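Asks: Below are the chains, spelled out letter by letter.
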Amino acid sequence: MINRRHFLTTVAIGTASAAALSACGNGSSSSGQTGSAEKPVTINYTWWGNDDRAERTRKAIALFESKNPDIKVNGNFTDFAGYWQKRATEAAGGGLPDVMQWDLSYLRDYGQRNQLLDLGTVKINTDAFEKSLLPSGQIKGKTYGIPTSTNAFAVYYDPAKLAPLGIAEPDGSWSYKEFNDFLTQVGTKSNGALYGGTDYTGVWWMFNIWLRQNKIEAFTSDGKLGFSKDDLKKWWNLTGSLRGTNAIIPEDRVTQLAPKSPFGSNATATEVTWDNFMAGYLGDSGAKELKLVPVPSDDPDNLGLFLKPSMLMVASAKTKFKDAAARFIDFMVNDPEVGQIFKTSRGVPASKTQRDGTTFEGTDKLVVDYEKSIEKYLKDAPEPPIVGFGTLEASFKRIASDLNYGKLTVDGATDAWFKEAEDLIKQNS
Amino acid sequence: MTTTASPTHAPTDTAAPVYNPKSESVGVKRAKSAIFHAAALILTAIVLYPGLWMIASSFKPNSEIGGQNTSLWSNNFSFDNFVTAMDGIGGVSTLQFFTNSLILALGAVVGTILSASVSAYAFARINFPGRSLFFGMMIATLLLPFHVVIIPQYIIFQQLGLVDTYVPLLIGKFLAGDAFFVFLMVQFMRGLPAELDEAARIDGAGHARIFGSIMLPLMKPALISTSIFSFIWSWNDFLGPLLYLNTPEKYPLPLALRLFVDQTQSSDYGAMIAMSVLALLPVLIFFLIFQRYIVEGVSTQGLKG
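Chains as they are written, first to last, in our numbering: chain A, 1 to 429; chain B, 1 to 305.
Keep in mind the hints are simulated off the structure, nothing from the lab.
No experiment lies behind these values; they were computed from the predicted model shown.
Mixed in with the good hints, there may be bad ones.
[Stated by the list, open to error] Covered stretches of chain B (chain A as the covering partner; in silico rule of three or more C-beta atoms under 8 Å from a C-beta of chain A):
#1 40 to 51
#2 153 to 164
#3 255 to 261
[As the list claims (entries may be wrong)] A few chain B residues that face chain A, going by a derived Cβ cut-off under 8 Å, partial list only:
#4 A31
#5 N62
#6 G66
#7 Q68
#8 G91
#9 N246
#10 T247
Beta carbons are placed, not taken as given, at the ideal position from N, Cα and C, and that holds for glycine.
Make a model of the complete structure from these sequences and hints.
Replies: Okay, here's the thing in structure tokens:
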């Protein structure tokens, strides 16, 4: 019931905002109103996240206000799903908050509709950022988002689960065959009590990394698919012999365990995903310690890895306080004290000034050390994903799970996904 | 069937082979009733299981909720989740969320009762020009999906500067915006005998007097079912507050509940479930107090409408 209602809402908001958005957009270029210590200006800042983030953000805002007495920041927050419903409505009504926490997958959508401020026109210091990272906040030469923090892909494993099985801990330099053998070993030695992992070929970003390892682009610069059906078939066939064995957790078990992940429920020994999920996995599984190693690659010099902005800071195109908004964004991404407040809860700080000014301990250190260890393999971050990317990613996962259910063959799955992808790209171009 | 009046019949009472249609039908009835109750109990258990699961989970540590943990029982039962839940979110106390929800829900009840009953009186008893046209228009709003009007409504309230106040959430209730309740009351009033207000009119009562002294007291069942529904709907409303409220201090419970689950970070299912249990209490109490009227309210409309 909730799904249907949620769907209807999204559709209604989406359609209406699409219509309304095309009518909006302006080109004013003044730096906006400024305040003074006696008469401060008030900007609105909004973010998604839980209690923990609300607490940390409050501290950061208090710090900002004490350093900038001429600006007051009004903070408000919702959960991730509600966040985008609210933003769509506000965009249509012309009431977007001045500064917003942003997700990469929504950047192109709002940027192309002129809802976001070109941050290249205001003063934000980006000297301390990796040059390979900034393009992920840019569309057609305009900077719409500044990354606050980064995440990278990794293989998680729980050492406490491997020891009793007598399996050596992986060191992270492995080919796909070695990785598959590892998964099989876990499944066989535990007699099915513990699965090796989830089927990693169902994860879009892992496919993206594999494409990079083979020097193939996922999307061409004009927004088309850069790989062929044969590539996708090859990818889905990688785990062909593992499906249905104890190496990979069966799809019906995955569904039963939802909303928790198989790894978070202690049903698998490994998981391939973003490195900033660490805290969530630790909390869900109750494990003492989890470790991170790089993803497998058949070319040990090209792991295909990259840093992706785990979130960005953007400003509304209609903000009356461009200068204040810019100062707040600059503070949130660069200030070392802000780094101390957030640690890695937003991801690893993207700005070197902020990263160096933060002391990392325990879990935080693990994630930071991992990103440091893969530094020499890192390539350019991808551009903001095409409009409708979320749908593509979801259908990739859905079709891959049908593959695991045995409802589709690899050939059938490939045809099904290509059809959906091509339709979607045609609609949005 | 006393033994003194017919002693010869006494043995037949205990002798089974003698055919006695009455006693067999009692036996069959008993068996049927036992089967019925057993089936009803099983069904109740199935229906109540999610509730039981929720209550059990609210006492468990986060890592033992969901996933591979299928058992209701845990060795680590504690009140920690309730402590976390009562701690509030981002500096806003949980009591504040409760108060906000209560203000919205009671506001909705008062507004709906006042406005819907007056509008219903007009539709049911006053013969004004265009009555059926307006009645039709009101019914038509029932068919209009809420989602169609979200954006236009938001723009209006945004232009009026009323976003981040409770006005957008309550004004509709005070202006009989819930056509369903108006319709419910119109149907109920149409079932009341017209002779009553004719008699009152002969005694010199105007519309205000007829409405206040004759109609309102008779409409009690309808008013109560309206209160229950509008209380529960407002208490559970998520989308309205999500769109119109910006300040966390003004959030009602459904918004706060969602903040415990963050798929992009870590989710505290335990605290969320504990808070859900707490959030259910007022609705449950409200329902228990008024539930005998709700059946009355619905069934009398069925009879008289």
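Asks: Hint by hint, say whether it matches the structure.
Replies: Hint by hint, here is what the structure shows:
1. Residues of the segment 40 to 51 of chain B with a Cβ under 8 Å from some Cβ of chain A number 0, which does not satisfy the need for three, so the listed coverage is violated.
2. Remark: the segment 153 to 164 of chain B is confirmed as covered by chain A, as 4 of its residues place a Cβ nearer than 8 Å to a Cβ of that chain, reaching the required three.
3. By the rule of at least three residues with a Cβ nearer than 8 Å to a Cβ of chain A, the coverage given for the segment 255 to 261 of chain B holds, with 5 such residues.
4. Interface restraint check for A31/B: the shortest CB-CB distance to chain A comes to about 38 Å, outside 8 Å, so the restraint is violated.
5. A hinted interface residue such as N62/B counts as satisfied when its beta carbon comes closer than 8 Å to some beta carbon of chain A; here the least separation is about 6 Å, so the hint holds.
6. With 8 Å as the threshold, the beta carbon of G66/B comes within range of chain A, its nearest partner Cβ sitting at about 5 Å, so the hint holds.
7. Given the 8 Å rule on beta carbons, the hint for Q68/B holds: about 5 Å separates it from the nearest Cβ of chain A.
8. For G91/B, the shortest C-beta to C-beta distance to chain A is roughly 6 Å, which falls under 8 Å, so the interface hint holds.
9. Because the closest C-beta pair between N246/B and chain A is about 5 Å apart, less than 8 Å, the hint holds.
10. At about 6 Å, the closest approach between the beta carbon of T247/B and any beta carbon in chain A falls short of 8 Å, and the interface hint on this residue holds.
Hint check: violations occur at hints 1 and 4; the rest are consistent with the structure.
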